[in-house]
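Asker: Chain by chain, the residues run as shown.
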Amino acid sequence: MPDLAPLSALGAETPGSIHTGRLVLREISDIALATLALRNGGTAPMPFGLVLPGPLGWNPGNLAGAFWIAPGQWMISADGRAHTDFACDLKSAAPDCAVTEQTDGWAVFEIVSPEGAAPIGNLLERIVNLDPRILNAGAATRTHMAHMSVFLVRPADDRLTILGMRSAAASLWHALLEAVRGISAHG
Amino acid sequence: MSRITGGVIDRGTTLSFHFDGKRYQGHPGDTLASALLANGVRLIGRSFKYHRPRGVFSSGAEEPNALVRLGSGARAEPNSRATVVELFDGLVATSQTHVGSLRRDALALNDLLAPFLPAGFYYKTFMWPKAFWESVYEPAIRRAAGLGRLSGEPDPDRYGRGFLHCEVLVIGGGAAGLAAALTAARAGARVVLADDDFRLGGRLLSESHDLDGVPAVEWVARAEAEFASLPNLRVLRRTTVFGAYDHGVYGAVERVSDHQPEPGDGMRQTLWRITAKRTVLAAGATERHIPFADNDRPGIMLAGAMRSFVNRWAATPQRTPADPVAIFTNNDDGHRTAQDLLARGVPVAGVVDTRDDAVAQGEYRVIAGATVTGTRGRLGLRAIKVTQAGRSEWVDCAALGVSGGWNPNVHLTCHHRGRPVWDAALLAFVPGSDNPPGLLAAGACAGRGSTRAALADGARMAAAALAEIGIAADPCELPEAEDSASPPQPFWYVPGTRRAWVDFQNDVTVKDIALAHQENMRPVEHLKRWTTLGMATDQGKTSNVTALAIMADLTGRTIPDTGTTVFRPPYAPVSLGVLGGGDQGENFRPRRLTPTHHWAKAQGAVFVEAGAWMRAQYFPQSGEAHWQQSVEREARAVRSAVGLCDVTTLGKIDVQGTDAGAFLDRLYCNAMASLKVGRVRYGLMLREDGFAYDDGTCARLAVDHYVVTTTTANAGLVYRNLEFARQCLWPEFDVQLVSVTDAWAQIAVAGPNSRALLERVVDGLDLSNAAFPFMACAGVTVCGGLRARLFRISFSGELAYEIAVPARYGHALMARLMDCGQDLGVTPYGTETLGVLRIEKGHPAGAEINGQTSAAMLGLGRMVSPAKDAIGAVMSRREGLAAETRRLIGLVPVDPAARLVAGAHLFPNGARQSLESGEGWITSACFSPQLGSRIGLGFLERGEDRLGDIIVAANPLEGESVPVRAVSLPFVDPTGERLRA
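Sequence lines, in order, name chains A and B. Here the first sequence is numbered in my numbering, starting from 1 and rising by one per residue. Here the second sequence is numbered in my numbering, starting from 188 and rising by one per residue.
Hints were generated in silico from the structure; no laboratory data involved. It is possible that part of the hints are untrue.
Using C-beta positions, here's what the derived DEER-type ranges look like [stated by the list, open to error]:
(1) A/92 <-> B/775: 44 to 54 Å
(2) B/1069 <-> A/133: 55 to 65 Å
(3) A/60 <-> B/972: 25 to 35 Å
(4) B/775 <-> A/184: 19 to 29 Å
(5) B/904 <-> A/133: 29 to 39 Å
(6) B/795 <-> A/159: 34 to 44 Å
(7) B/795 <-> A/133: 54 to 64 Å
(8) A/3 <-> B/791: 23 to 33 Å
(9) A/116 <-> B/972: 36 to 46 Å
Because the structure is a prediction, the values reported are computed rather than measured. Even for Gly, the Cβ is constructed at its ideal location relative to N, Cα and C.
Full structure from sequences and hints, please.
Answerer: Spelled out as structure tokens, the structure:
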């Protein structure tokens, strides 16, 4: 184990978290990420037994999850494995693919609604120009939020995960809080 | 008081508000205008140019007169239309456009000078002396001119933004809009209904007619109850759809808390971008007036507005309940107001109707075939002069309702350059055939304005909109409603010698239009700019068509031949705060922070913006009074010991694939396929036109794995170009690309002690020159097993490395290196020092690779490999570029104390300095602690052949001419001994 202490994307020793309005916002700092891309003409592997989804798709998997990000390209995630060399493990599981470590490329924020789907819907309409019908439970897509490129994953109706540039984590967090404030103002 | 019974206000609650310091009372449901009228306040402001007393003229968004400043301090908002301001407890409003009190405005003198101040007077009057315009005339005119003033303080409010998607957007909540929304929502479509009022109903709230035998307000309430049961319908009240944009996108502002004393912690307004498959525009119509002599006195208003105040707000424009009210009309709608006034107990002095055959429709006097030709009452109307068949009489009245017909609110139909068309039967412009795609106009805004017609049209257009997108709608059951609609008589203004106002907000009179005609400002665009007609907050909603009609009369042409007004967004004023999205200061745009940002901040670093990045510029220490001192200390530390600099911001692109080498060979002008695994090479990229556009290092981690680094500024551009090449130019290549800029924290460790320092953190790697030479790279571990990448590259010219670790560890690694290196003299340095070091080493950066320089100019011409093709290689050899003789050289002032500035132009010594004699320019300059002199980089014609020559660096902006000597690069370590130490 390295004797260096990591910082979260928001720049603290512990991940950011806030319960505001009708939503709980949490920074997820222990998720490992890596992209997997097919070689030209390659066929989709099943790393860790994972079926790689098609466009807009997200597969939570067991050992790792995946969502589609481009033709022949997926983001593979593994909860709780940020401190490991997950990309190396993934490469072993999919040796014929290009694998790139992405764990620290992204700030990951999870938004949970204890009151069901509606507050998540309200949040979405304040952060992304996306028809809410596109992002049903089980879907993932890439879009813009507050002038930043983000991935959105909707694990469930009452849950949303946002991946944004790690370097812009503070700006993304601010935009989320402002959006929540906007929802509160509307009651 | 002029409050009568009835109305759609909550009399059970009393609200207090202040106008010009005096306390008044109103009720929920009031607007500021209705509450002022109910309190007998008729004088509300002064006019823009002549400072004429003005009162409420309308009851809606078209208001030209009743403009007030709302609030105080930083929240003060000038030019607010009292007719659309929802009353709340504690509201504070102040009149504007006067010097001294509102009643005794000192600048009312302007009105006496009116004969000397016609339209365009300042274009002719303030011509000489020219220098006086900015210093004397303009400030004086601005002081005298009306409209309010900004507070000058930062906006304290928050603004939100959001996006809505729907099948049908219904704009307007009147009869047509409600019917459209019901039809579409009942069919199951996702519907957004937006209305700018705080209460749905539109004109239904202003009329006395029943719907299905019940008051219209009750029918609206039933519709609202049904709305609440339809989850697919979203109602946005207090929301103005202000613009139609491309692809079915509409801009709308929701006033979330403008009707509250303070927004508190919430949002003041929200900007909605609504994407609709189809849109039903049900924006209603705006009544027009008939200009006549002195028609601008407080108490004179649109007849339809008067009906609104009486029916909806139970407020009349009288001074006392006994005061009579008169009507001036050219159509039946004016008579409707008279009937409603009488029904509410308001005495009617008479209806002046321009039509010869007009008859009374109630118990009131009709003066048929007559016009109003004058008025009395300095601060409020007292009497009108009525002229019939050449004979005139004065009729006492405290208020006059004017009705000249109705103009459909076609504005949004024109936002894609659509032109409205003239309906000769209606005497009005109606939407043409070139609406924004997917927009259907319904009801009064389409010229179908009776209640029955509007209801039916709303339902019909909603069904048509749904049919276009494949949704079937059942016929909507509609209530029985009045169906009277008669076009007005084509009577546009009352000719006369006194001033008759057409545009109240800009003080434009019939005479001004005649003058524009006389001055040949006849096209409608010229008329507008010459007279200012149609400008400012009301955008001529009550004046444009009337002005066209008057110009048509003067030119002898028809109204449609005279022109139409081009309506552009916004339909109504929109605050810049909400358009800006609300974020200010450091959140104005996204900021990117480096992994060591918080560490640097704790060290007291001064930051500089580098694109979206915040980079440490320098690290001042106690005793340093100037940034130059900090930078010199940092630079000396790198040259003599070891320095640390966060270089994470440089773009990093992961390139994998069996064809990665061949692919990069085509992107870089020099070869990369031949690069050995474990080695790094400097690379230069050219644009298609042959000019250099970016440089950086390229490391080969494995046979099929490279990492390309770019400049900070071009990280996105290079990545985009690589993706374009991969996807579009050479899709046959097996190449995979991923940006990893954020994933890795990268720290430059530079200086003679850098190896010693790194040996203390890198796990078990031989860093000797033999084992890890200049331009080597390797995957390593640091600090007990953390995966890292080590590159032996140097921007400073010293023995140097860059070490990359997963970004979350960047902060800790920087701290560790600082801790470990105290005895080695370790010092953090920022971008300023980075710049000094690279100039000393003669490395080009953004100032040299600026998109206008070639590889040859940079002294890198031999990097453009003739052995292979690459983007830009062929074009770099074209005649124009190949003949370019300017070359990058070093420059030092002959007098070491002399100043060198980037941007200075280079001239032959003793030559006249002109564009023709220029031989180049200085790109970068700094003080070199190493040389104890200022030094610079620059492009000089035949530079490589003129080393040692004295030339002149001229800075004409500051009148400087400095003799400089051309020298070879680099300034330090020309043999590379330090680099390879």
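Asker: For every hint, state whether the structure bears it out.
Answerer: Status of each hint after checking the structure:
no.	hint	verdict
1	A/92 <-> B/775: 44 to 54 Å	45 Å, holds
2	B/1069 <-> A/133: 55 to 65 Å	58 Å, holds
3	A/60 <-> B/972: 25 to 35 Å	30 Å, holds
4	B/775 <-> A/184: 19 to 29 Å	23 Å, holds
5	B/904 <-> A/133: 29 to 39 Å	35 Å, holds
6	B/795 <-> A/159: 34 to 44 Å	39 Å, holds
7	B/795 <-> A/133: 54 to 64 Å	44 Å, violated
8	A/3 <-> B/791: 23 to 33 Å	27 Å, holds
9	A/116 <-> B/972: 36 to 46 Å	44 Å, holds
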